[in-house]
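Chains as they are written, first to last, in UniProt numbering: chain A, 1 to 297; chain B, 1 to 297; chain C, 1 to 297; chain D, 1 to 297; chain E, 1 to 297; chain F, 1 to 297.
Worth flagging that the hints you see were computed from the coordinates, not collected in a lab.
Each hint should be verified, as a subset may be incorrect.
[Stated by the list, open to error] What follows is a set of in silico ranges between Cβ atoms, one per label pair, in the way DEER data are often shown: (1) S94/D to W30/B: 25 to 31 Å; (2) E98/F to S77/D: 27 to 33 Å; (3) P21/B to P21/D: 52 to 58 Å; (4) S94/E to N95/F: 42 to 48 Å.
Quick reminder that beta carbons are idealized off the backbone N, C-alpha and C, glycines included.
Number of protein chains: 6
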Amino acid sequence: MSPNMPAGEYRNATPATPHPPTDTAEESTWLWTQIKAEARRDAEAEPALASYLYSTILSHSSLERSLSFHLGNKLCSSTLLSTLLYDLFLNTFSNEPELRAAASADLLAARYRDPACVSFSHCLLNYKGFLACQAHRVAHKLWTQSRRPLALALQSRISDVFAVDIHPAAKIGKGILFDHATGVVVGETAVIGNNVSILHHVTLGGTGKIGGDRHPKIGDGVLIGAGATILGNVRIGEGAKIGAGSVVLIDVPPRTTAVGNPARLVGGKEQPTKHEECPGESMDHTSFISEWSDYII
Amino acid sequence: MSPNMPAGEYRNATPATPHPPTDTAEESTWLWTQIKAEARRDAEAEPALASYLYSTILSHSSLERSLSFHLGNKLCSSTLLSTLLYDLFLNTFSNEPELRAAASADLLAARYRDPACVSFSHCLLNYKGFLACQAHRVAHKLWTQSRRPLALALQSRISDVFAVDIHPAAKIGKGILFDHATGVVVGETAVIGNNVSILHHVTLGGTGKIGGDRHPKIGDGVLIGAGATILGNVRIGEGAKIGAGSVVLIDVPPRTTAVGNPARLVGGKEQPTKHEECPGESMDHTSFISEWSDYII
Amino acid sequence: MSPNMPAGEYRNATPATPHPPTDTAEESTWLWTQIKAEARRDAEAEPALASYLYSTILSHSSLERSLSFHLGNKLCSSTLLSTLLYDLFLNTFSNEPELRAAASADLLAARYRDPACVSFSHCLLNYKGFLACQAHRVAHKLWTQSRRPLALALQSRISDVFAVDIHPAAKIGKGILFDHATGVVVGETAVIGNNVSILHHVTLGGTGKIGGDRHPKIGDGVLIGAGATILGNVRIGEGAKIGAGSVVLIDVPPRTTAVGNPARLVGGKEQPTKHEECPGESMDHTSFISEWSDYII
Amino acid sequence: MSPNMPAGEYRNATPATPHPPTDTAEESTWLWTQIKAEARRDAEAEPALASYLYSTILSHSSLERSLSFHLGNKLCSSTLLSTLLYDLFLNTFSNEPELRAAASADLLAARYRDPACVSFSHCLLNYKGFLACQAHRVAHKLWTQSRRPLALALQSRISDVFAVDIHPAAKIGKGILFDHATGVVVGETAVIGNNVSILHHVTLGGTGKIGGDRHPKIGDGVLIGAGATILGNVRIGEGAKIGAGSVVLIDVPPRTTAVGNPARLVGGKEQPTKHEECPGESMDHTSFISEWSDYII
Amino acid sequence: MSPNMPAGEYRNATPATPHPPTDTAEESTWLWTQIKAEARRDAEAEPALASYLYSTILSHSSLERSLSFHLGNKLCSSTLLSTLLYDLFLNTFSNEPELRAAASADLLAARYRDPACVSFSHCLLNYKGFLACQAHRVAHKLWTQSRRPLALALQSRISDVFAVDIHPAAKIGKGILFDHATGVVVGETAVIGNNVSILHHVTLGGTGKIGGDRHPKIGDGVLIGAGATILGNVRIGEGAKIGAGSVVLIDVPPRTTAVGNPARLVGGKEQPTKHEECPGESMDHTSFISEWSDYII
Amino acid sequence: MSPNMPAGEYRNATPATPHPPTDTAEESTWLWTQIKAEARRDAEAEPALASYLYSTILSHSSLERSLSFHLGNKLCSSTLLSTLLYDLFLNTFSNEPELRAAASADLLAARYRDPACVSFSHCLLNYKGFLACQAHRVAHKLWTQSRRPLALALQSRISDVFAVDIHPAAKIGKGILFDHATGVVVGETAVIGNNVSILHHVTLGGTGKIGGDRHPKIGDGVLIGAGATILGNVRIGEGAKIGAGSVVLIDVPPRTTAVGNPARLVGGKEQPTKHEECPGESMDHTSFISEWSDYII
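Pulled out of the complex, with its shape left as it was, chain A reads as follows:
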């Protein structure tokens, strides 16, 4: 994910936000150092939170240990113990550099796109979208290893605890922001590209075909607004924008904007308006308002 990503609603309000090195391994090290520094600063300023910050971040030697601990304690239940889940997460993150890199990219995505995200540690500890996504990545890995009952049990815990329901078979890229995240549903054969931003209550659902490939394919850099429902094996082209509350049942071309229920392309079906920027990163929700909403009310 580019550290030069353009700003939008979710752009970080402070231009001075430090940027990581461009090398992946260094990026991870840099990120963990930032997170520990943030947590240390917060622990000093707020004794009531220090215990929480030490147990979740400051007592750990790496991001994957911190994340495994936090997820294990969040997702455990009386019948799925935290130690079992911690072990499962830690083993998977330790063995899969891809998953560690994706977690780092997701942290950066939240920090640079969401102006409400004041620190990396805030995202790591408090963003249920981030946590659900990382737990899904582990469930997906289990799914590909044919450990399906365990993957499905994990999906169920994620849905109970975070109200985020992602089928473990769904494929999700890196640099993903699930903002607010409550109510997100992603079906079995859905695919989500890189640098996608998805708001809460978004559904990537099926259409009624018999089993098989029946869920949306979301291109790189797509932005999907709150409450949008995308159904069926449709393709949302690279850099497209789906308005909040839209119901999308057919393909949306790259870098166009679809809004409404049922969704229409802004600018019209024949010659839809195309935008230049990557909305999944710029998070620009407003450019289409003048064309769509204003003349109606």
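Please build the complex by placing chains B, C, D, E and F on the supplied structure of chain A, with the hints as guidance.
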């Protein structure tokens, strides 16, 4: 519920799925045998999950014991202990054959309609819609016995844990599939028929009348898409289909399809298109797309 | 909040509902007395619930103690202990008479507007919208005291437990009813006036501006229907009504009704229909149906 | 157990203590009525304890339900859930009238022999000796049903939670008082008669024989003082008294007193002093002092 | 308690141990400052323990808050919640300066008498004898306020969790060291003076008198060795020493030493050896060995 | 530890007990295979225990993982989370082959010396003496690494949970059986050799010397009976036997037996009887009875 139900999005992808005997008592026995066999197979294949499967399924002598245990442990809190809830569930299920039959019918509904439902035990353990519905059935029984404060406390726990908010007075038939289920809201005087399928984020809400009968009545075999909002004491006719994201404020005739915000009948108000199949069972989300969505985008 | 509020969907069905004194201090005393009487009556009628009622209400000497205990036990986790949260809530409620008054006003709002709200204690114990709102008030107080990491941790717990995600910086008035509440999202710079009623799945979100003031301002007495999405720094005028499922991106004038996706004003953009009553209190969802929905289906 | 038992150290200080009917079935009913009345009185006087009293006693319909609930919640762990234990205890107590009768007899024993035992409910809730003994009775029943691993797991939990370690094969009569109870150890082939009183830190241990019958046999009405150690397959005759801190390695004749390390018979080996009363019930610790202790210091 | 107390077995090995001011109020402040400094040092040196140290000590503003938090979390159960206990402890410690002073004196006693006690925070967090004693002080206060059922419930929890069983009516002075503490039993009418040191497995028990005053009275400065059993309303004179494993049934004169089973006075009954120092503070276990033990083996 | 150890009280009653290979690494493998086979057999025979057996044993890939999981879940508290402890135990056991070998030797010791120990898994899961000893070994390792506050916190948890209080500085050999274990206290400078058997309530305490080396040194093969108290820097010679309830304050020569309070040597001080066998392994409690006890009573 018919074992010959047609397939749709949620039809089981594998035609070889075994079907239960048609006699209700035998069906229950058959189902429990299937569930234990599934759990045993999964426990052998996945030691990390075996403890979970033994505690929730394999250590129990009947479906109602398994379900009571699982619900008691899911819904308990520090002020409502699992033992109390377990006792409450077990007593109610033991005394009410109707509730046991409904649980069986709901398990079959999920298994045969949802291609993502790979086994009965998967539904029993992991489907919050299924679990919320069974817990609601107990709350409803308490409500009819004038144990209203307890019924309301149960509603609150179900809403906290599963994000499914069903008033204990609401009447719900058999063979119900609440798919994904997050965000479902069903009001006090709502009635849901048999073999209905309801996706997540669906609201069966009130309209502002003073108390009294103020929530929707959903006919048998209805399918309600994700995010649909149906408000007021309106009647959704038998076999009707409500599109995802629709806002429905008036009656919908049997076997017609309503889509949009506000919802319109596909085919027009005067001569709406009628379909033959039972969408609550076939789960066909696609037949109306060509008529509705395609020409707009 | 006026005890003479008009009835609507949420009006109390029983005209004999007792009303509190008009003096604030007396109102609080009166309310707590009512709550204890209700809990005592329920404990006597339902032994299975008595332990719960004693631990949450009857063992406490004041509403703020009861509320702090209940919230502490609901929002705690293995890394944020109930004793810490209890202490935090109790200290804040004890030091802030404004927060105690707001809690009382919210209890009255639920009781008089929602016909499903059978008692004050029912709301206090079981309404996640009420509980999330009171916890938010504490988080907001912490935010204004520059205890931001703690405020954000609290926001995260509220979002996990109640599926209600309110940024701690958001300003919320008194007499608020979050009905059902699952999926509500309120952004950082949102402002909500007094006597507002907000249904579940409502989003008061941002629009993509760089940080800064970017969320909706909701006037006094507004009613926002289920699933409505309001985005950007727009102004919803006093006493306006937003239909269920609407997507609102621009200002809505006072005492008008906006419906649809994208939302239009009922009566037309130029001369919108104006209503007299305060919909946030009357909760009238139906007056616009004849104008909007009926002629379409 | 006789309601007319003589008083001693543990005699009830208040002569007005009500006595149960002599018929066993009626006794149980009478006892449960007493316990509920005590709990109700305490709940009214002490709101801080009311929740505890309702959950443990007042919400239950019988002594065995109350006891099963209390033991299930006391003995559970993160790997042995309270619901599983509750179920196990309730099934066993429901199927075994002998165990219910023994529990009643033990409650009466504590109440009439221990002046610190102010009520039956005090013993039921707070006496770890009583609770450990009842849990042992269930473990013993499991042992006799060849469910040995479960019986041993239960023994382990009792030892962890109450610091009372009784092998599940040990046979224990009725009307038993384990006073204070911490540190009591009872070996596999030990037998304890009826109306025995055993203080804390008492060991009924083995002697080094190869497996087989190697632990003490304690006659009816025996009193064993704090810290006494009895080793080997020795016989403590009916009505004998073992002084605190004694180490007993050989048989003690009926109605004699053994004291010291190693233990000697008071009155001498040849013609030991015999007492008339039943020390297990009278709990007289003092009669031998003048003969033994006084002349030494 | 004198800061100049002589050393013994339990004397602090490091002569440089800082001593508190002699004024009580200043002593408390000084002590709390020491404890926080110790905890901060340990948290920095040991990240794995930092969360524990922050939650138990460093997040609190006073010793009584820290202690109430720690006891509430140690003694809670599924039916007696930590928030309730925390509240109870905090209210009692806040209202009773005597109890706070006693806690300080006990901390100093452990630190200066027990060479294994490396810091005040070590005692505060880890000494079950210290924690049991402070919880008993609260139970005793409740007992004197006629809140007996609550006091007895607390006794039961202390006995379960710490294996220390002190009747809430027992009167205990200041500057008490319960070292190791497992198995200590103190009866209803027992009285313990100031600056007493009591090892584990010690019993201050009754003798069989009918109710009434039936337990030992322990003078100031007494030292009671491990496993000693003292029975009946006997008086252990000021500064007396009771050898480990002794069984004491009659009075022991001031500043003498009683050893054995049954206990004899060292030096003989007529002219027992008298020692000068205060054994409860010096903890000298050895002076009597040459007279008693050596010539026997 | 020799597989040919002689039998005694604790000798295994079944001569057919399989013996491990003599090579250490093979022994560990053999042992873990045995344990899994036992657990599998028990899980099949007892469904109610299967979940427990899978979570504690059958889901793990090695003895150290199983042990770390079990200890983490046993010793955790609300302020010391199971995941933290699990991590700590697993890291230590993984890095220290000595500790793993000692755990194996202790399992064999219990299995071959204690006739009540029916299987290795029984000891692993249920013997608090075994579990406390393994947790102590970890605490001791931490102590030697100068992680003293963490080691002391662990000691405190072991004392709370198992009522076994071993100072983390104490040195303990291999092949140790702490039988029953409740109330065992081992001081800071104590040393315990190999193949020692120690019953419950045994104290290895200090004598009042100023800090420094002040606790007993226990030679190889020693047997210490229940309730024995050994105080001071005394030496219990190799193969010595200490009778139950003895109070030992001076050295005991190798292969002699000390009994009584104060302890005397059997056979007399000048020419004590010497035995040939190793009592720590043979566990013979009876050979001295005829000489000591019988002629007294």
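Checked hints:
no. : hint                       : in the structure
1   : S94/D to W30/B: 25 to 31 Å : holds, 29 Å
2   : E98/F to S77/D: 27 to 33 Å : holds, 29 Å
3   : P21/B to P21/D: 52 to 58 Å : holds, 53 Å
4   : S94/E to N95/F: 42 to 48 Å : holds, 47 Å
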